[in-house]
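In order, the protein sequences belong to chains A and B. Take 1 as the starting number for the first sequence in this note's numbering and just add one per residue. Take 1001 as the starting number for the second sequence in this note's numbering and just add one per residue.
Calculated directly from the structure, the hints in this document are not laboratory data. It is possible that part of the hints are untrue.
As the list claims (entries may be wrong) - Mimicking SDA-like on lysine to any residue, the simulated pairs with C-alpha atoms at most 25 angstroms apart in a straight line are:
(1) Lys1152(B) to Pro23(A)
(2) Lys1152(B) to Val1170(B)
(3) Lys1152(B) to Ile18(A)
(4) Lys134(A) to Leu1137(B)
(5) Lys152(A) to Pro1023(B)
(6) Lys1152(B) to Ser20(A)
(7) Lys1045(B) to Asp1095(B)
(8) Lys134(A) to Arg13(A)
(9) Lys1261(B) to Ala1169(B)
To be verified - DEER-style ranges, computed between Cβ atoms:
(10) Ser1009(B) to Ala172(A): 48 to 56 angstroms
(11) Leu1028(B) to Glu206(A): 18 to 26 angstroms
(12) Ser1276(B) to Arg210(A): 53 to 61 angstroms
To be verified - Which residues of chain B face chain A? A partial, calculated answer using Cβ under 10 angstroms:
(13) Thr1027
(14) His1033
(15) Ala1035
(16) Asp1108
(17) Leu1113
(18) Leu1137
(19) Met1159
(20) Leu1160
(21) Leu1162
(22) Leu1163
Nothing here was measured: the structure is a model prediction, and the numbers come from that model. Glycine included, each C-beta is placed from N, C-alpha and C at the ideal position.
2 protein chains.
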Amino acid sequence: MDLSTRLTSYAARAERGIDSLLPPADTLPSRLHEAMRYSIQSGGKRLRPALVLSSAELFDPHGAAGDPLPAAVAAECIHTYSLIHDDLPCMDNDDLRRGRPTCHRAFDEATALLAGDALLTHAFVLLSQNYASKGGLGLALARDLAEAAGSKQLIGGQMLDLLNERSSAVDAAILGEIHARKTAAMIRVCLTMGAMIGGAPQGAIETLGRAGTHLGMAFQTLDDILDVTSDAATLGKTPGKDAKAGKATFVTLYGMEGAWKFARGHSDAAIELFASLPGDTSFLVELTRFLSTRCK
Amino acid sequence: MDLSTRLTSYAARAERGIDSLLPPADTLPSRLHEAMRYSIQSGGKRLRPALVLSSAELFDPHGAAGDPLPAAVAAECIHTYSLIHDDLPCMDNDDLRRGRPTCHRAFDEATALLAGDALLTHAFVLLSQNYASKGGLGLALARDLAEAAGSKQLIGGQMLDLLNERSSAVDAAILGEIHARKTAAMIRVCLTMGAMIGGAPQGAIETLGRAGTHLGMAFQTLDDILDVTSDAATLGKTPGKDAKAGKATFVTLYGMEGAWKFARGHSDAAIELFASLPGDTSFLVELTRFLSTRCK
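Extracted from the complex, chain A is given alone in its bound form (with noise of 0.2 angstroms):
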């Protein structure tokens, strides 16, 4: 199967977990689950679900020791949730997201923020109903997402971000730091996540955690280079965003030709460790190559 074939596969299972493992619309209060709804099924790429899935298929690949698919739809809950509260006001304010407004416009602010509040609880919801009869494992899973997605990570790297913007001394060490929190702390904890599901060994565990930081690096570099490069259509959100806000990122402090180098390094890093475990790693290996190139 092709990359694009396993892409779209991985991605209509999420869309089905999504829709399956939500509360239905019209739960009370339904004006909650419905923004909650809206900005989940507004068809992103489930890059984060097919990470966990395919990590997960890695060491199981025929689902034996457990369904991912519960901790895939966790993983974009929080990813979810993080894009409405930084779409807010008080944030980066943005009006559209993935080509549609966002849910603060398409509702109102409350209701995002709350909307943004329960798809992070809803995380936690999942996987300690989803995972409980599997000894420790459940916990484990809620443990590293808490922590991935906690105060000192992306949480942090959001806050760091914002403090950021605000200064002219961000040099490289400290946008690597705002990036691996902000971004490759969450894909990492997809892949770990996933192969932690289907059974890994640790080292294994361990070596997959250190891909998964590596390419969330060169995939958030890559969006700075998208940012510059791209327009509102094929981005599905505003573009320039970062130029206009005066905003440090891997284009002003590398240039382009740097960017692209800078995310290259971090891509074959990740493809090298893939490469290095056992089994069909060539959906994860491909991916990141796509991923790499996906602007270009």
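We have chain A already, so just place chain B on it with the hints.
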């Protein structure tokens, strides 16, 4: 030991737990961790931690079964996050909380938003890090707390509250739903988490849960009464908010006398359930009596 001594003792344990179980204020990014601590270390009553601690002690007086402190702090993290987000301009737009500037007034809106997100997430870090060796206990705690804090309970209650502020058709049934979700679900889960950690039998956990719902209903009704009868110095927050917002409360629906009667009905039911349990339930009984008369 009398009620006030025990309350002070539980609050002191909670303060020590908060101090040791939250990341230090100088953890990177320090502005985020300072804001988290600013809000959670603002000297609240620590009612929710006291409920967790006292409920565990009912079944495990010497703390042999397990330490309820991390769960007590997790409950306070959830409570504090909900206050920070409720105070934001797009919600209640409040300047004062516990006699001090609200988080977004002391810091800024973006920092307050992220500090709330981080406290919510930290609750699950605490449960997953501290109850891993206890079989399925940690995951059961995470499930119950996530459900109580989730889109159908705490967050759902907040959403219903907002929707009904804009409506003139609020009746006692709707107001009861709001209070049950917004306040009683969290009071309930504090009692059941403590009981689970203390090794209580299933029947006792259920009795405590029912008592918690009644206590929560009584407590929230008394909060409505206090909003009418108190001044800012006593209340530590802006009083008269409900009336100003033209908001229906049990006081506007039933009158002051009726609201008192409603609260009394729930506190009597809670006391009866507490008293039906084995062990020394005097603290929970006296606490409920105290809360029912605190503003007379």
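Cross-check of the supplied hints:
no.	hint	verdict
1	Lys1152(B) to Pro23(A)	9 angstroms, holds
2	Lys1152(B) to Val1170(B)	19 angstroms, holds
3	Lys1152(B) to Ile18(A)	17 angstroms, holds
4	Lys134(A) to Leu1137(B)	13 angstroms, holds
5	Lys152(A) to Pro1023(B)	9 angstroms, holds
6	Lys1152(B) to Ser20(A)	16 angstroms, holds
7	Lys1045(B) to Asp1095(B)	20 angstroms, holds
8	Lys134(A) to Arg13(A)	22 angstroms, holds
9	Lys1261(B) to Ala1169(B)	23 angstroms, holds
10	Ser1009(B) to Ala172(A): 48 to 56 angstroms	51 angstroms, holds
11	Leu1028(B) to Glu206(A): 18 to 26 angstroms	24 angstroms, holds
12	Ser1276(B) to Arg210(A): 53 to 61 angstroms	56 angstroms, holds
13	Thr1027	7 angstroms, holds
14	His1033	6 angstroms, holds
15	Ala1035	9 angstroms, holds
16	Asp1108	8 angstroms, holds
17	Leu1113	6 angstroms, holds
18	Leu1137	9 angstroms, holds
19	Met1159	4 angstroms, holds
20	Leu1160	5 angstroms, holds
21	Leu1162	6 angstroms, holds
22	Leu1163	6 angstroms, holds
The structure is consistent with each of the numbered hints, conforming to all of them.
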